[in-house]
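Trainee: Just so you know, the sequence shown maps onto residues 1 to 408 in this note's numbering.
Below, simulated DSS-like cross-link-like pairs (lysine-lysine); rule was C-alpha separation at most 27 Å, straight line:
id	residue 1	residue 2
1	K236	K173
2	K56	K116
3	K196	K128
4	K116	K76
5	K397	K232
6	K42	K76
7	K42	K401
8	K198	K365
9	K397	K236
10	K61	K236
Since the hints were derived computationally from the structure, they do not count as laboratory data.
Here the structure is a predicted model, which means the values were calculated and not measured.
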Amino acid sequence: MYKFIAGLVTAAVTLLPAVKSHAATTAGTVADTTEQPQKAQKAVVTGAERTSAYLKLLKGKRVALFSNQTGVVGDKHVLDVLLDNGVNVVTIFSPEHGFRGKADAGEKVSSSVDEKTGVAIYSLYGVKGGAPDDATMEKFDVLVSDIQDVGLRFYTYYVTMVRLMDRCAEFGKQMIVLDRPNPNGMYVDGPTLDMKFKSGVGSLPIPVVHGMTLGELALMVNGEGWLKNRRKCRLKVVTCQNYTHQTRYTLPVAPSPNLPNMTSIYLYPSLCYFEATDVSLGRGTDKPFQQYGHPDMKGFAYTFTPESREGAKTPPQLGNTCYGRDLSSMCDDDIIARQLDLTYLIEAYRSLAIGDNFFTPFFEKLIGVDWVRTMIEAGNSADEIRQRWAPDVERFKKQRKPYLLYKE
Numbered sequence: 001m002y003k004f005i006a007g008l009v010t011a012a013v014t015l016l017p018a019v020k021s022h023a024a025t026t027a028g029t030v031a032d033t034t035e036q037p038q039k040a041q042k043a044v045v046t047g048a049e050r051t052s053a054y055l056k057l058l059k060g061k062r063v064a065l066f067s068n069q070t071g072v073v074g075d076k077h078v079l080d081v082l083l084d085n086g087v088n089v090v091t092i093f094s095p096e097h098g099f100r101g102k103a104d105a106g107e108k109v110s111s112s113v114d115e116k117t118g119v120a121i122y123s124l125y126g127v128k129g130g131a132p133d134d135a136t137m138e139k140f141d142v143l144v145s146d147i148q149d150v151g152l153r154f155y156t157y158y159v160t161m162v163r164l165m166d167r168c169a170e171f172g173k174q175m176i177v178l179d180r181p182n183p184n185g186m187y188v189d190g191p192t193l194d195m196k197f198k199s200g201v202g203s204l205p206i207p208v209v210h211g212m213t214l215g216e217l218a219l220m221v222n223g224e225g226w227l228k229n230r231r232k233c234r235l236k237v238v239t240c241q242n243y244t245h246q247t248r249y250t251l252p253v254a255p256s257p258n259l260p261n262m263t264s265i266y267l268y269p270s271l272c273y274f275e276a277t278d279v280s281l282g283r284g285t286d287k288p289f290q291q292y293g294h295p296d297m298k299g300f301a302y303t304f305t306p307e308s309r310e311g312a313k314t315p316p317q318l319g320n321t322c323y324g325r326d327l328s329s330m331c332d333d334d335i336i337a338r339q340l341d342l343t344y345l346i347e348a349y350r351s352l353a354i355g356d357n358f359f360t361p362f363f364e365k366l367i368g369v370d371w372v373r374t375m376i377e378a379g380n381s382a383d384e385i386r387q388r389w390a391p392d393v394e395r396f397k398k399q400r401k402p403y404l405l406y407k408e
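With the hints as constraints, model all of the structure from the sequences given.
Mentor: Structure below.
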């Protein structure tokens, strides 16, 4: 099973170049060669790479592992690292998209067994409650979490982590988070979730772009009493080295099927809301989350046609010619500077001119509040909407400060 990991790592380095960024890349992966920094910066060392900080904590313990294809340590998977060092891994917990990261968004992934090691893979996505059952919780002593997040409230990996934290707190189990950088960790933006819209794509009262690593977020969950009955998880975070929140980190492996490169990851905070409309954002093409369009958006010269493919078997507007915009050639620095930008969504809304029929109820779960739709329909601009959520951003920055592990 893990032969595919090495190939995936090699392929993903090609998939995720930072070739359009004007800033220096500090990750130990493919860097921008168009502009050489005067002084080379040290490569980021992830928590998983710091084996001396956590292997000793696992000696003689039954260990559960929460991870997927992103849990890489050099050319190995973290599971291989644990097993090679004699750690007794008794079960693997996998999130949305499965352990190999190839399933469609929202697709139920069945539990299975690792063909190479015989370790049971327990799928947490699509199961009731999204967490392990009591019998499975009794099988391990320590849970190790090593997964690459992208720093957005509607990205489901952190939701699964929090559910695991809650179960560990309930059963008195320790969780060790092997921290990884947040590729969207440079800023905070968007409205704070109104908890009446709590769902599988938003489970904490945080802005859309929270700017925290999973380790920092786990500390905040504990500190703010966000687990059930305000209980606390026995938590240890193995931090990254040579990382700050302004580090431009290039992911070595695609975090999910439709975020194939850094441009898609940077555009994700602004384009994901099309998931709650009939507009295609490029699923089923070679530019997912880098373009948007619809058959009825006339007046646009650019076209694309979604097709069925791995990770997008039945994409919106399958087989239909969509008119719209291609954002894939935008400079990454410019995308980041725009932060969460509703301009694209508002343009499509006005172009289709179908009023409230443009949105589905899923929109409020993604954006987290009910007033953004109202403001768009009232004709407000993206800047005017941003001004309304600006106080949320400032409040959250102050609230999160005690939990930050890395320089802002």
